[in-house]
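Going down the list, the sequences are from chains A, B and C. Residue numbering for the first sequence follows numbering that gives the first Met the number 0, beginning at 0 and increasing consecutively. Residue numbering for the second sequence follows numbering that gives the first Met the number 0, beginning at 0 and increasing consecutively. Residue numbering for the third sequence follows numbering that gives the first Met the number 0, beginning at 0 and increasing consecutively.
Everything labelled a hint here was simulated from the structure, so no lab data went into it. Built from N, CA and C at the ideal position, the CB exists for glycine as well. Treat the hints loosely; a few may be bogus.
To be verified - Simulated coverage check for chain B against chain C, where a stretch passes if three residues somewhere in it have a Cβ under 8 Å from a Cβ of chain C:
no., region
1, 33-45
2, 361-370
Stated by the list, open to error - Short, incomplete list of chain A residues facing chain C, as computed with Cβ under 10 Å:
no., residue
3, V21
4, E33
5, V44
6, P53
7, L55
8, I59
9, L62
10, I78
11, V89
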Amino acid sequence: MLASYLTVAAMLFCIGLYGALVKRNAVVVLLCLELMLNAVNLNLVAFSKYGVVPSLTGQIFSLFTITVAAAEAAIGVAILIALFRMRGTVNVDEFDKMRR
Amino acid sequence: MDKLTQTAWLIPLFPLAAFLILTALGRSYRRVGVLIGIVGSFAAFLFSLFIVVDRLGANQVDYNYSIEWLAIGDYSLRIGFEITNLTTLMLAVVTLVSLLVQLYSAGYMKDDERITVFYGYVSLFTFSMLGLVLSDNLLSFYIFWELVGVCSFLLIGFWFTLPKARAAAKKAFIVTRVGDVGLLLAILLLFWYMPEHALDFTTIQSVFDGQSGAITNGITTLIALLLFVGAIGKSGQFPLHVWLPDAMEGPTPISALIHAATMVAAGVFLIARTFDIFQDSAAAMETIAYVGGFTAIFAATIALAQNDIKRILAYSTVSQLGYMMMALGLGSLTGGIFHLFTHAFFKALLFLGAGSIIHAVHTQNINEMGGLRSKMSVTTWTFAIGALALIGIPPFSGFWSKDLILSAAWETNPLLFGAGLAAAFLTALYMSRLFFLVFMGKPSAASMDAQESRAVMTLPLIVLAVLAAVSGFVETPWNGWLGTWLTDGSEEAHASGAVIAYSVAVGLLGIYIGWLAYGKRSISFAAWHERLPWLVRLLERGYYNDELYSAVIIKPLKLLGNVLLAFDTYVIGGIVRIAGAAVSTAGRAAARLQNGQAQTYSLAAAIGLVVLVAAIVGRRFLP
Amino acid sequence: MFNIAITGEFVAFFTLSAIMICGAVLMLSLEKVVHMVISMAAVFIGLAGMFVLLEAEFVAFVQVLIYAGAVSILMIFGIMMTKHHAVEQEPSKPLHQTLAAIAAISLFGILFYAIRTTTFPEQQQPFQPGEDNTMAIGELLYTGYVIPFELLSVLLTVAFIGAIVIAKKEAD
Numbered sequence: 000m001l002a003s004y005l006t007v008a009a010m011l012f013c014i015g016l017y018g019a020l021v022k023r024n025a026v027v028v029l030l031c032l033e034l035m036l037n038a039v040n041l042n043l044v045a046f047s048k049y050g051v052v053p054s055l056t057g058q059i060f061s062l063f064t065i066t067v068a069a070a071e072a073a074i075g076v077a078i079l080i081a082l083f084r085m086r087g088t089v090n091v092d093e094f095d096k097m098r099r
Numbered sequence: 000m001d002k003l004t005q006t007a008w009l010i011p012l013f014p015l016a017a018f019l020i021l022t023a024l025g026r027s028y029r030r031v032g033v034l035i036g037i038v039g040s041f042a043a044f045l046f047s048l049f050i051v052v053d054r055l056g057a058n059q060v061d062y063n064y065s066i067e068w069l070a071i072g073d074y075s076l077r078i079g080f081e082i083t084n085l086t087t088l089m090l091a092v093v094t095l096v097s098l099l100v101q102l103y104s105a106g107y108m109k110d111d112e113r114i115t116v117f118y119g120y121v122s123l124f125t126f127s128m129l130g131l132v133l134s135d136n137l138l139s140f141y142i143f144w145e146l147v148g149v150c151s152f153l154l155i156g157f158w159f160t161l162p163k164a165r166a167a168a169k170k171a172f173i174v175t176r177v178g179d180v181g182l183l184l185a186i187l188l189l190f191w192y193m194p195e196h197a198l199d200f201t202t203i204q205s206v207f208d209g210q211s212g213a214i215t216n217g218i219t220t221l222i223a224l225l226l227f228v229g230a231i232g233k234s235g236q237f238p239l240h241v242w243l244p245d246a247m248e249g250p251t252p253i254s255a256l257i258h259a260a261t262m263v264a265a266g267v268f269l270i271a272r273t274f275d276i277f278q279d280s281a282a283a284m285e286t287i288a289y290v291g292g293f294t295a296i297f298a299a300t301i302a303l304a305q306n307d308i309k310r311i312l313a314y315s316t317v318s319q320l321g322y323m324m325m326a327l328g329l330g331s332l333t334g335g336i337f338h339l340f341t342h343a344f345f346k347a348l349l350f351l352g353a354g355s356i357i358h359a360v361h362t363q364n365i366n367e368m369g370g371l372r373s374k375m376s377v378t379t380w381t382f383a384i385g386a387l388a389l390i391g392i393p394p395f396s397g398f399w400s401k402d403l404i405l406s407a408a409w410e411t412n413p414l415l416f417g418a419g420l421a422a423a424f425l426t427a428l429y430m431s432r433l434f435f436l437v438f439m440g441k442p443s444a445a446s447m448d449a450q451e452s453r454a455v456m457t458l459p460l461i462v463l464a465v466l467a468a469v470s471g472f473v474e475t476p477w478n479g480w481l482g483t484w485l486t487d488g489s490e491e492a493h494a495s496g497a498v499i500a501y502s503v504a505v506g507l508l509g510i511y512i513g514w515l516a517y518g519k520r521s522i523s524f525a526a527w528h529e530r531l532p533w534l535v536r537l538l539e540r541g542y543y544n545d546e547l548y549s550a551v552i553i554k555p556l557k558l559l560g561n562v563l564l565a566f567d568t569y570v571i572g573g574i575v576r577i578a579g580a581a582v583s584t585a586g587r588a589a590a591r592l593q594n595g596q597a598q599t600y601s602l603a604a605a606i607g608l609v610v611l612v613a614a615i616v617g618r619r620f621l622p
Numbered sequence: 000m001f002n003i004a005i006t007g008e009f010v011a012f013f014t015l016s017a018i019m020i021c022g023a024v025l026m027l028s029l030e031k032v033v034h035m036v037i038s039m040a041a042v043f044i045g046l047a048g049m050f051v052l053l054e055a056e057f058v059a060f061v062q063v064l065i066y067a068g069a070v071s072i073l074m075i076f077g078i079m080m081t082k083h084h085a086v087e088q089e090p091s092k093p094l095h096q097t098l099a100a101i102a103a104i105s106l107f108g109i110l111f112y113a114i115r116t117t118t119f120p121e122q123q124q125p126f127q128p129g130e131d132n133t134m135a136i137g138e139l140l141y142t143g144y145v146i147p148f149e150l151l152s153v154l155l156t157v158a159f160i161g162a163i164v165i166a167k168k169e170a171d
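Could you put the whole structure together from the sequences, leaning on the hints where they help?
Written out as C-alpha cells, the structure reads:
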C-alpha cells in the first residue's frame, strides 16, 4: 500500500513541478508550489503509517511543513501584490530583472 | 697612425646626426633644415679630406679597430671600422658627391614641400654609404648595404604621389633584393667555412691570399659568384639592371647621388673589398669580366634609342658599371676603382646638368629640347666636359680610366677588348646624340624661355666639371700613382700606344657620326627606323627585359599568389569563419538561456537534477 | 497485478487519488485563474481524505483548515488584488514547455522506477495511533518537539509582519 501512496505523491509532485515551470500567472505558480509541498506531506504521513518504524513523528513533520507552507503562501502573495503595484502585471515571464 | 685616422668612425655620425635632427625638427624649418643637411655632409667631407691628406704618403698601414658586439659561446662577433687606402678614396668620393648634391638640391628642390624630409633621407643615405665603406666585416657591411637599399627605396619613391615613382621604388627594392639574397648566402657560406667563422675583411684577405687551402676551390668559386650576384643587383648589371632606369623617377639630384656616383658603386666596392676571394677563382673572374663586358655593350645599345635624357644617362651608368666589372674581372683592381672614381664625378656632373636642364625646360624628352647652348652657358660647358669625360677624350678623366681598362683587356682578352671598344664607340654616339639634340640647333618651344639655373646649382656643376676634367691625372700611363697607392705597388701601370690610339679614334668617330646625324643632319637614321622598325623598338624597350620578367617571373608568381590567396580566403578563412560562427551561435544560444526569467533557470535546474539522477541510477545498468 | 484484495481502504484510496489527480490536471488545463484555485481546493480536500485514510485525523483537519480554507482564500485574495478577470494566456514558448514536460515526466519515471524496485523492509510493529490522535500529537509537540514548534511560531510571526510590510501601500 505504501508504494501506491508514494506513486500518487510522485504524480502530484511532478504535475506541480511542470506547472511551476510552465505557468505564466504568478498566483498559479504559487499554487503549484503548494501542490508540490502537499505531495511531500503525503509522503511524510504515508511513511508515518507504513514506514519501518511507524510513529507520529511523520505527522508532526507534516504539520511543520504545512506551517511553513502557509507562511510561504502569505509572503508570496504579499510579494505578488507589491510587484503588481510596481509593474502592473503578474506574468512571471515579464519579470526579467535578473538579466541585468 | 695618428689620432685622426683613429677617430674616422666619427665621419658617418655627422650625416646621422643631421638625419636625426632633421627628423626631429619636422617639416616647418625649411631653411634651417637645408643648412643642417649641408653642414652634416660638409663636416663629413672635411674630415674625410683630412684623412685623405693624412694617408697620401706611400706605404700607409691599414688601421682597424673593433669592439666585441656579441659573444655566443666561444664565438664572438666583432664590429668596427677599417681604414685602408681604398676606403679612404671611397670616403672622399661619397662625402664630396653627397655635399655637392645637397648644395645643388637647395636650388633644385627649393619649392618642394617636403624638402626637409628629402634632406633627412639624403643624410641617412650618406650615413649608410659611409658606414658601408668603413665596415671592417661583412656582417656590418651587409647591414649598411641593406640600409642603403632602404634609402634608395625612400628616395626613388620620394614623390610617392606619382604611381610611376611608387612602382619604380618597389621595383628597385625588390630587384636589388634578389641580389641581396646572393650576398647573404655568400656571407653565410663564408661564416660556415671560414676558420673560426671570421667575417672581417682582414682575415678573409689573409685566408684567401695566403692560398692556405682552408677553403676548397669549388666553395671559393661559389662564394665569389654569390658575392657577384649581390654586386649585380646593386650595381645594375645584366640581368638585374632593370631597376636602374626606372629609378630615374626619383628627384634628379638623387639620380646623381645614388644611381650614378655612390650606391651603384657599392657593388663594385664589394668586389674590390673582397677581391682576394675572386682572385682565387678564375671561373668567377671570367664570369665577372664577361657579364661586365656584355652589360657595357648591351646597355649602350639601349641608350642609343632612348629619348628621356635621364634614361639615357641611366643606361649609360649601367654600361659604365659594366666597364668597372669588366676591369675587376680582368684582374685590374686599379682599373675598376679608378673608373669608379672618375665616373662618380662625371656622371654626377651629367646628372646634375640634366637636372638643371629639366629644371629649366620642364621636360625630359630630348626631342623637345634644342638650342640650349645660348640660354644656359654654364650648364652647356660643364655638360660638355662631362660628356667628353664619359666618351673618353683626352685629357678628361674618363679617358685615363677607360684607357686603363682597355689596356688590361688588350693584354689578356682580345674579345673583351673588342667589346670595350664597341661600347666606347656606342657611348660616343649616344652622348653626342644627346648633346647635339639638347644644346645645338634652334631653340625649341620648350627651351625658348629657359634660363640658367641659380648659382647654388651651377656651383656644384663647376666643381664637378673641374674634377671630371683633372681627376684622371692621378693615374696615367706614365704615372701609376693611384694603382701604387691602392695596391701597394703590386699592380704596375702599363702604357700602350695602340690602345690609346684605338680608344681615341673610336671616341672621335662616334662623335663625328653623332655630329653628322644630329648636329649637321647630313646623314639620317630615319632609314633605320623605316627598314628595321623592330630593331628600334627592341632598343627603345630595352630588349623587352621588363616584359620578359613580367611574363616569366611576375605573372606566374602573381598566379601562385592568387591561388594561395584564394586558398587562404576560402579554405583557411572559411574554417576560421565557421569556427567563429559556431562559437557565436553557441554563445547566442547560451545567451538566450540567461533571459532573466526564474522559470528558465528552474527548468535548467530541473533538467540538471534529472540528468544527475539518471546518471547515478544508470550506473546500476552498467556491467 | 489486479489480484489486489478490494478492501474499503483500496476503494477509498482509488477514489481519492482520482479526485486529486483530476484536480491537479484540471488546475493545469483550466483557463480562468479562479477556476484553477477551485480545482486546487479539490486536491487539498482529497488530500485531507487521504490523511484520514492514513489515520492522521489531526493532520487532515489542519489540512482542510489551512489549505482548503486559508491558502485558497489567500490565493483568491491575491487574484482579486491583482487582476480580477485574469485569464491564463497561452504560453508562447513551445520549446520551454516541451523541455519542462520532458523533465517532469522523466523525473516521475525515475521516481516510479525507484518506488517500484525498492523492497521496503517489514514493519517492526504496526502503527499505533493511540486513542486520541490529537492529544498524542499535542503531547509530542509540547515535549519532544517544543523547540522546533517555538521556532515555527517565531517564523510565522516574522512572515506575518513581513507580509504586511511588503504588501503595504507605500503611502509615504
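Let me know if the C-beta of I59 (chain A) comes in closer than 10 Å to any C-beta of chain C, holds or violated. holds, 6 Å
Return the status of the interface hint for P53 (chain A): holds when the least beta-carbon distance to chain C is below 10 Å, violated otherwise. Holds, about 4 Å.
Minimum beta-carbon distance criterion (10 Å), V44 (chain A) to chain C: Holds. Min distance 5 Å.
Interface hint outcome for V21 (chain A) [beta carbon to chain C under 10 Å]: holds, 5 Å
Check of the region 33-45 of chain B against chain C for coverage (Cβ-Cβ below 8 Å, three residues minimum): Coverage by chain C is violated here, the residue count being 0 at a Cβ distance below 8 Å.
Is the interface hint for E33 (chain A) satisfied, with its Cβ closer than 10 Å to some Cβ of chain C? Holds - the Cβ of E33 (chain A) comes within 10 Å of chain C, reaching about 6 Å at its closest.
Proposed interface contact between I78 (chain A) and chain C, which counts if any beta carbon pair is under 10 Å: This hint holds: I78 (chain A) lies near chain C, its Cβ roughly 6 Å from the closest one there, short of 10 Å.
Count the residues of the region 361-370 of chain B whose CB lies closer than 8 Å to any CB of chain C, then report whether that count reaches three. With 0 residues in contact (Cβ-Cβ under 8 Å with chain C), the coverage given for the region 361-370 of chain B is violated.
Is the interface hint for L55 (chain A) satisfied, with its Cβ closer than 10 Å to some Cβ of chain C? Holds. Min distance 6 Å.
Return the status of the interface hint for V89 (chain A): holds when the least beta-carbon distance to chain C is below 10 Å, violated otherwise. holds, 5 Å
The hint names L62 (chain A) as touching chain C; please verify it with the least Cβ-Cβ distance against 10 Å. With a closest approach of 6 Å, the L62 (chain A) hint holds.
Hint compliance for this structure: hints 1 and 2 are not met, and every other hint is.
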